[in-house]
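Novice: Going from the sequence shown to my numbering is simple: count from 1 and add 92.
Hints in this document: simulated from the structure, not taken from any laboratory. Quick caveat, the model's predicted, so the values are computed rather than measured. Glycine included, C-beta positions come from ideal geometry on N, C-alpha and C. Watch out, some of these pointers could steer you wrong.
Taking lysine to aspartate or glutamate pairs in the DMTMM-like style, the calculated list, with each CA pair at most 25 Å apart, reads [claimed, not checked]:
no.: 1; residue 1: 151; residue 2: 110
no.: 2; residue 1: 145; residue 2: 108
no.: 3; residue 1: 136; residue 2: 155
no.: 4; residue 1: 100; residue 2: 179
no.: 5; residue 1: 149; residue 2: 108
no.: 6; residue 1: 100; residue 2: 167
no.: 7; residue 1: 149; residue 2: 167
no.: 8; residue 1: 100; residue 2: 155
no.: 9; residue 1: 137; residue 2: 110
no.: 10; residue 1: 162; residue 2: 108
no.: 11; residue 1: 162; residue 2: 110
no.: 12; residue 1: 145; residue 2: 110
no.: 13; residue 1: 151; residue 2: 167
no.: 14; residue 1: 137; residue 2: 108
no.: 15; residue 1: 151; residue 2: 174
no.: 16; residue 1: 100; residue 2: 174
no.: 17; residue 1: 128; residue 2: 179
no.: 18; residue 1: 177; residue 2: 150
no.: 19; residue 1: 152; residue 2: 179
no.: 20; residue 1: 100; residue 2: 118
no.: 21; residue 1: 177; residue 2: 167
no.: 22; residue 1: 177; residue 2: 110
no.: 23; residue 1: 100; residue 2: 150
no.: 24; residue 1: 162; residue 2: 150
no.: 25; residue 1: 152; residue 2: 124
no.: 26; residue 1: 114; residue 2: 174
no.: 27; residue 1: 149; residue 2: 174
no.: 28; residue 1: 152; residue 2: 174
no.: 29; residue 1: 177; residue 2: 118
no.: 30; residue 1: 162; residue 2: 118
no.: 31; residue 1: 100; residue 2: 124
no.: 32; residue 1: 162; residue 2: 123
no.: 33; residue 1: 128; residue 2: 110
no.: 34; residue 1: 136; residue 2: 174
no.: 35; residue 1: 137; residue 2: 150
no.: 36; residue 1: 152; residue 2: 123
no.: 37; residue 1: 149; residue 2: 124
Now the in silico label distances, taken between C-beta atoms and shown as ranges [stated by the list, open to error]:
no.: 38; residue 1: 178; residue 2: 151; range: 19 to 27 Å
no.: 39; residue 1: 166; residue 2: 123; range: 29 to 37 Å
no.: 40; residue 1: 96; residue 2: 157; range: 15 to 23 Å
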Amino acid sequence: MSNALNFKIGRLYRLESDGPVKAFADILVNDELLIKGLRVIEGKKGLFVSMPKDQGKDKKWYDTVSLVSKETQQEIANVVLEAYKNE
93 MSNALNFKIG
103 RLYRLESDGP
113 VKAFADILVN
123 DELLIKGLRV
133 IEGKKGLFVS
143 MPKDQGKDKK
153 WYDTVSLVSK
163 ETQQEIANVV
173 LEAYKNE
């Protein structure tokens, strides 16, 4: 049984603002699962991808999708950032 995951962009929406959030993205996993609301953020060390978050009743932000594998997290970030840069 193969554990290979295939990621592709479902949607990428660029923001025309001066804020740190540069785009929102949805990513499709193995043409079966759509993860909505990833964010491309301009940080102090450059662009990075943030997983979707929801604000709790305590006004703190919590990830709604958590990745166990750093390799999977990096692969998703690569796909999203490549789409952002080539858009």
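Novice: Kindly indicate which numbered hints from before are broken by the structure, ordering the numbers from low to high.
Specialist: Violated hints: 5, 7, 10, 11, 13, 15, 18, 19, 23, 24, 25, 27, 28, 35, 36, 37, 38 and 39; rest satisfied.
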